[in-house]
Amino acid sequence: MRRFVLKRIGSIAITLWLLATIVFVFVNVLPGDIGRKVLGPTAQPADVAAFNARLGTDRPLIEQYVTSMRRVFTLDFGESFQTGGPVTDLVLPALGRSAKLAILAFVITIPISIAAGIYAARRQDRLADRVTVNIGLASTSVPEFVTASVLLAVFAVQLQLGKVYANVPEGTSFLGQLDYLLLPALAMVVSYFGYIARMTRAGVIGALHADYTRTATMKGMDPGQVMRRHVLRNALAPTITVISVQIGYLFGGIVGVEKVFNYPGLGTMMLNAVGKKDIPVLQASVLIVGIIYMLSTLLADLVIAYLNPRVRLEAGR
Amino acid sequence: MNWSVINRVRRRSGALENEVIDHYVAGKITRREFIRRGSVLGLGMTSLGAIVAACGDSAGDDTGGSATTTGDGTATTAAAAGSIQQGGTLRIAAQRPGSPLDPVAMDNIGSYTPVVLAFEYLCGPDGFSLVPMLAESWSPNDDGSVWTFNIRQGVKWHQGGELTAADVVASLDRLAGANLSSYIDPGSAVAVDDHTVEVTLKNPDGQFPYQLSPYNPQALITPADYELGTLFDQKPNGTSAFKLESYDVATGAKYVRFDDYWDGPPNLDGLELLFSDDNATQINGLLGGQADAIIQFGVSDAEAIFASDAVTVDAIRGAGHRQIWFNVREGTFAGENGAKIREAVALGIDRQALVDTVLQGRGDIGNDHPIAPAYEYFDASQPQRERDIDRAKALLEEAGAAGLALTMHAPELQEIALLAEVVQSQLTEIGLNITLNVESTSTFYEKWCKVYDSTNPPGGCDGGEEFGIVDYGNRATPDRYLVAAYATGEWNSAHYNSEEFNAAVAAYQATVTLEDRKEAIKPVQEIANRDIPYVIPYFYNTLTAYAKNVTGVVHTGLGHYYVNKGGFTA
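Respectively, the protein sequence lines represent chains Z and A.
Residues in the first sequence are numbered from 1 upward in steps of one, following my numbering.
Residues in the second sequence are numbered from 1001 upward in steps of one, following my numbering.
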């Protein structure tokens, strides 16, 4: 198990280096002079040149690359081109906000969708199963930003339930925060419900038809115990993998929902950073999302390995 | 006519001021023009009111009422005395700053707003007129080449200390190297005493105080210890009625009332800016009750706001416009045939239909020059270019360009994407086959102009695409458009280079009296209209909105929101 974890951490470090390199290459492929982009069309040429010199963006690419990698591995991302302030002052609060929204979305999505998946699987091919499957398919096929826009127009604007600006002011109580976060979280719940529910359903149906389940039932085990010990333990492995992949996505990929609700999370920050060629912010945001993605995948692997000894043995080899 | 009053004001005024007084007394200009011109030259409301009364008129009619007024330059809501409640925080939906908050180098409305809420100008806005702000009064010499500003005494900085002439001189010196470089040099502003500043211009200019007002947003008076590159959020200070408490580009900014404000403490406890990137969020924020006001919005997203009974919409009739540019130096639109294609495009669009459909009637039609009808010296006698499909088709035939395929570039900003679609559709009728390339603003400006300091004649803007639509904001004078877009400026995406036109602009800029300016603007309008480096389809009204219980707001359409006398109705 220890060897398994060490191997995974090693591969995470290599992946992060590759990610940082890809970000560096991409932002340098984007057209335009950084100083001009940041200072705007009216800035004097001398000011633009001084700006580029101060940031080092006029130096050879290889030199910029070395500086950039040094920053990545010392976690010192420098100053934002857009605000002039430290990158961490922008990225860490955005990470906190994304985490808050993602956790709320998960707290709602996971129990509902797993319960719906199990419920449907136990009633396979009956009306309840078909309704659950079709609702799941429909909700997954609607893009998040469409769901978010409808929720915003109906609830936040028309009915004035929930907020258009989802950012929670400082000092807001726990219940008060729900007023701000519930609508964007629901937009995410609608999108992920179907996916997780269907994965759970498929896993449970497979496990329900497996030999070990039949044996456990035949030897007279209590149906509840069969479900907990044999069915769910085996059926949830793919669901856990799906959920872990969604964690990384929820932190960085929900730009649509964040934009609609003007939520200043990591997704919006990355989008703005691309537009403004704010390389330090972009680099820090992408790396953080990458780290979260990889850590959540590692966590999923560990949980699956814990649940299934075969995985543990194969991974350790 | 009370001549003794008129003569008394004349005796204490200079040559330029007396000329304006004489014109009004002789009936050559209206009361509205008199107040506007007089205010720019530094005639105070007392003198203006005395002259108007001496001529048997009333000055008060122009300065507000009990309800919303809509007018040129700025809009104001004035509340009846005693109807404003004390306290409350005004939540304003604003564009997210697009660049660092450098008072001198800021270049977009999102960056203007947080800065201009804290700092002030020498001259304040009142329609296209000016009123005293940090300067209590000002006056020119006889030819408008030297201007003297009397700085208000007892103005406190948010961080302590009093405003002096040294702060004003330091601010103007910083601007001399940037935004005001075509007007003054470093050292042109001199402190005569602690509260008097004399500014010597490179060339006489009868409209110079506009450059020290909100119509030149960067001309803020900042403390003497500010340097080029000092960012407002890192060193917050100011003289306004509200001081910065917190700023976060991701979310917004908070301001608290400044009790030592020179014009008395404001009614409101504070202001809160809510940042977002698009109009739709701002409008939804206002309609959803999370914001009390929007700094500025475009017509395209605003049907719900126009339909709402809960908000007041103000339209400022100004000079903001859109330019359809052609590269007249090389390529499709250059030379004799290029000129025919340009004229065909100008004749192919239906301007009134554009105002009616794209702006929903909220604008003036353009005539392919940047002099807006809202300017007092606009020459209305020039024939308006009307749609003529047959003539446009004939011109394209002559140029061998029938069925020509073009790509039109445009930014995804306010109503511009819709304008591009309607123009595309209208030009199909004359046989042009136009493909649209609408992109985010940050990507678009590469298409408009890649290089801003090119040495290729006429210099400035270079390397952009040959055809597209670009945005220009509201200005109290057209100088910025004329110099930056038509002459050798950094926004000349048409690469237009006409000695005749440059001479006409120089002659216009040298005028100091309104009569001279009215004459000098005629050739400027005519040449631009004849050469068509840009088609200017319309001048749009700048729109702002606020909840019905908000009153006493003065705004300019350039990111300013003055609410020191305003607040929530009781």
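If you are wondering where the hints come from, they were derived from the structure by calculation, not from laboratory data.
The structure presented is a predicted model; accordingly, all values stated were derived computationally and were not measured.
Among these hints, one or two may not hold up.
25 Å max Cα-Cα, derived SDA-like pairs, lysine to any residue [said to hold, decoys possible]: (1) Z/259 / A/1327; (2) A/1254 / Z/179; (3) A/1340 / A/1436; (4) A/1254 / A/1086; (5) Z/276 / A/1233; (6) Z/259 / A/1009; (7) A/1235 / Z/100; (8) A/1156 / A/1170; (9) Z/259 / Z/195; (10) A/1548 / A/1531; (11) A/1235 / Z/79; (12) Z/100 / A/1228; (13) Z/276 / A/1228; (14) A/1450 / A/1431; (15) A/1450 / Z/195; (16) Z/100 / A/1254; (17) A/1235 / A/1203; (18) Z/276 / A/1438; (19) Z/276 / A/1437; (20) A/1235 / Z/286; (21) A/1156 / A/1257; (22) Z/100 / Z/286; (23) Z/276 / A/1451; (24) A/1548 / A/1570; (25) A/1450 / Z/49; (26) Z/259 / A/1301.
Ranges between beta-carbon positions, derived for each pair [said to hold, decoys possible]: (27) Z/291 / A/1200: 38 to 48 Å; (28) Z/241 / A/1360: 49 to 59 Å; (29) Z/103 / A/1166: 52 to 62 Å; (30) Z/291 / A/1570: 27 to 37 Å; (31) A/1160 / Z/49: 29 to 39 Å; (32) Z/170 / A/1160: 21 to 31 Å; (33) Z/146 / A/1309: 25 to 35 Å; (34) A/1303 / Z/103: 29 to 39 Å.
Just so you know, even glycine gets a beta-carbon here, dropped at the ideal spot from N, CA and C.
- Query: Would the pair residue 1254 of chain A and residue 1086 of chain A pass a check requiring their Cα atoms to be no farther apart than 25 Å?
  - Reply: 18 Å, holds
- Satisfaction of hint between residue 1570 of chain A and residue 1548 of chain A, Cα-Cα up to 25 Å: Judged against 25 Å, a Cα distance of about 12 Å means the pair holds.
- Message: For a C-alpha distance cap of 25 Å, please report whether residue 100 of chain Z and residue 1254 of chain A respect it.
- Response: Distance ~23 Å between residue 100 of chain Z and residue 1254 of chain A Cα, so the pair holds.
- residue 291 of chain Z versus residue 1200 of chain A beta-carbon gap, inside 38 to 48 Å or not: 60 Å, violated
- Query: Would the pair residue 1235 of chain A and residue 1203 of chain A pass a check requiring their Cα atoms to be no farther apart than 25 Å?
  - Reply: 35 Å, violated
- Task: Assess, step by step, whether the Cα of residue 259 of chain Z is no farther than 25 Å from the Cα of residue 1009 of chain A, and give holds or violated.
- Result: Judged against 25 Å, a Cα distance of about 58 Å means the pair is violated.
- Query: Has the given pair, residue 276 of chain Z with residue 1228 of chain A, been kept, meaning a C-alpha gap of at most 25 Å?
  - Reply: Holds, at roughly 22 Å.
- Message: Quick check: does the Cβ-Cβ distance between residue 1160 of chain A and residue 49 of chain Z fall within 29 to 39 Å?
- Response: 36 Å, holds
- Message: Between the alpha carbons of residue 1340 of chain A and residue 1436 of chain A, is the straight-line distance 25 Å or under?
- Response: 22 Å, holds
- Message: So if I understand the rule, the pair passes when the alpha-carbon distance is 25 Å or less; does residue 100 of chain Z with residue 286 of chain Z pass?
- Response: 18 Å, holds
- Task: Would you check the hint for residue 1450 of chain A and residue 49 of chain Z, treating anything up to 25 Å between C-alpha atoms as holding?
- Result: Given that 25 Å is the threshold and the Cα spacing comes to 15 Å, the pair holds.
- Agreement of residue 1450 of chain A and residue 195 of chain Z with the hint, judged by alpha carbon distance not exceeding 25 Å: 45 Å, violated
In this structure, the earlier hints numbered 1, 6, 7, 10, 12, 14, 15, 17, 20, 27 and 30 are contradicted, and the remaining ones agree with it.
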